[in-house]
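A.B. asks: Letter by letter, the chains look like this.
Number of protein chains: 2
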Amino acid sequence: MGIAAAAWMWLMVAVGSLASRLCSSSPTINNSSSSCLSWRLAVEANNARAWRTVPPTCHDYVGSYMTGGQYQRDLDMVVQQITAYITTEVQLSNNNNSASLDAWILDVDDTCLSNVLYYRRKRFGCDPYDPTGFKSWAVKGASPAVPEIRTLFRKLVTAGFKVFLITGRDGDSLAHSTIQNLHTQGYSGYQRLFMRNSSYKGQSAVAFKSEIRKQLVGEGYKIWGNVGDQWSDLAGDCAGERTFKIPNPMYFVP
Amino acid sequence: MGIAAAAWMWLMVAVGSLASRLCSSSPTINNSSSSCLSWRLAVEANNARAWRTVPPTCHDYVGSYMTGGQYQRDLDMVVQQITAYITTEVQLSNNNNSASLDAWILDVDDTCLSNVLYYRRKRFGCDPYDPTGFKSWAVKGASPAVPEIRTLFRKLVTAGFKVFLITGRDGDSLAHSTIQNLHTQGYSGYQRLFMRNSSYKGQSAVAFKSEIRKQLVGEGYKIWGNVGDQWSDLAGDCAGERTFKIPNPMYFVP
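From first to last, the protein sequence lines stand for chains V and F.
Start counting the first sequence at 1; every next residue gets the next number (the UniProt record's numbering).
Start counting the second sequence at 1; every next residue gets the next number (the UniProt record's numbering).
Please keep in mind that the hints were generated in silico from the structure rather than gathered at the bench.
Values in this document were obtained by computation on a predicted structure and should not be read as measured data.
Treat the hints loosely; a few may be bogus.
The list cannot tell twin chains apart, which means a pair is met if one copy fits it or any two copies do.
[As the list claims (entries may be wrong)] SDA-like, lysine to any residue: derived pairs with alpha carbons at most 25 Å apart: (1) LYS155 to ILE29; (2) LYS222 to ALA207; (3) LYS155 to ARG49; (4) LYS214 to GLU241.
Please build the complete structure, drawing on both the sequences and the hints.
C.D. replies: See below:
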């Protein structure tokens with residue numbers, strides 16, 4: 001996803017259809033875990049879109065979800081599905097060959113790296129998006145890895161995939177800290193890290209990420225898989241043979 | 001979805017990559033509701049695909065889910081999202097005008113009509129797909145409406161949408177009972193019902209439904225929304241301005 005660039009996105013939203021999107025982001029959620037589960041399901045199934053904050057009545061639910069074990073279990077299940085797909089359906093053209101064109105795409109924020117520690121301070125997404133606050137967090141380069149994704153990443157690299165990381169983070173201000181953060185958290189051996197530069201500012205994540213993927217396909221790569229915590233990581237052109245949605249009920253990136 | 005035609009689909013699967021798909025449909029599911037919740041989430045987020053049966057350990061979970069209230073709540077949430085979208089983002093070109101080209105697409109099985117009574121006898125999807133059994137059920141024309149979708153349907157028709165029903169059910173054998181079933185359950189005023197005829201046999205639901213949608217777009221229709229219980233209802237060409245996934249953890253249609 002592209003948190004750092006989401007300021008631009010939300011600016012676009014503000015200029016555009018703010019009123020309608022605000023309305024559509026306000027469903028009636030009772031203060032019950034079953035209602036919040038329905039809301040979370042709607043988020044993960046891409047039914048609920050363009051929401052600005054977690055419904056206030058779901059604060060405790062989302063906090064418990066992210067830190068109490070179920071997020072972990074849901075993530076494990078996705079990784080299990082990814083592993084089954086790689087094992088049984090992917091046929092690498094040139095296993096472990098440096099010239100192979102078998103590609104895999106990973107998003108960075110809340111896919112490779114976890115921002116749960118940051119979002120805990122933002123009431124797990126009940127507070128509205130704070131671009132300055134997030135930038136201050138990201139520039140520290142202190143996001144821990146999502147361990148299951150790091151394990152997946154290493155398996156992918158070892159298996160011979162060329163792993164590309166695509167993030168909406170601003171390259172001008174966050175390249176150094178992001179590269180450092182990925183390195184210290186054990187992400188070594190990826191092929192390229194794509195960050196949003198000035199030519200992509202103001203574009204939605206779907207448009208930006210589609211452009212990068214089209215570029216890769218133009219270079220001859222076959223994108224076997226694409227993993228992200230936002231549907232905007234997985235929609236658009238050249239999305240990949242399979243896409244996998246990592247859970248994230250804390251924020252929405254258009 | 002297209003249950004009746006799924007026999008063809010599964011035949012294709014058998015001829016094709018049966019082994020790999022069988023493997024990928026067998027994740028490790030502990031006998032706990034939290035694990036089954038993770039599996040259900042993976043289904044709804046389109047991470048788990050090509051599964052042939054509900055994991056045996058999730059029989060009680062899926063049964064409780066479908067009949068104990070949570071399915072209902074999840075469905076209500078999707079309809080809430082649809083209503084918000086229609087109210088705030090759709091701009092009908094020619095409200096209530098018979099010549100308008102504002103289209104909406106609904107799937108039939110487990111979208112307009114519920115087969116929960118049938119699947120209860122099939123251990124809520126723990127038994128493998130039974131084409132003969134399903135046909136015997138469908139030919140009776142006794143599926144009750146999904147009440148929330150019927151209410152949505154009526155609102156759509158009243159608002160001026162041209163509602164098209166697209167089902168993978170076989171038109172040769174099930175046209176009469178399906179039309180009757182829809183009528184007795186209060187689905188009156190739809191524009192057209194598309195069923196799978198001989199020229200679409202052997203095609204996946206994605207291919208068949210894409211063809212129909214392309215045809216509609218070719219006629220000048222704008223597809224504002226598309227609602228189905230299977231991702232194969234919502235994937236492919238001309239999917240619609242927005243798609244909405246109705247929950248269904250009982251079966252998978254490729």
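A.B. asks: Tell me, in ascending order, the numbers of any earlier hints that this structure violates.
C.D. replies: No hint contradicted; all consistent.
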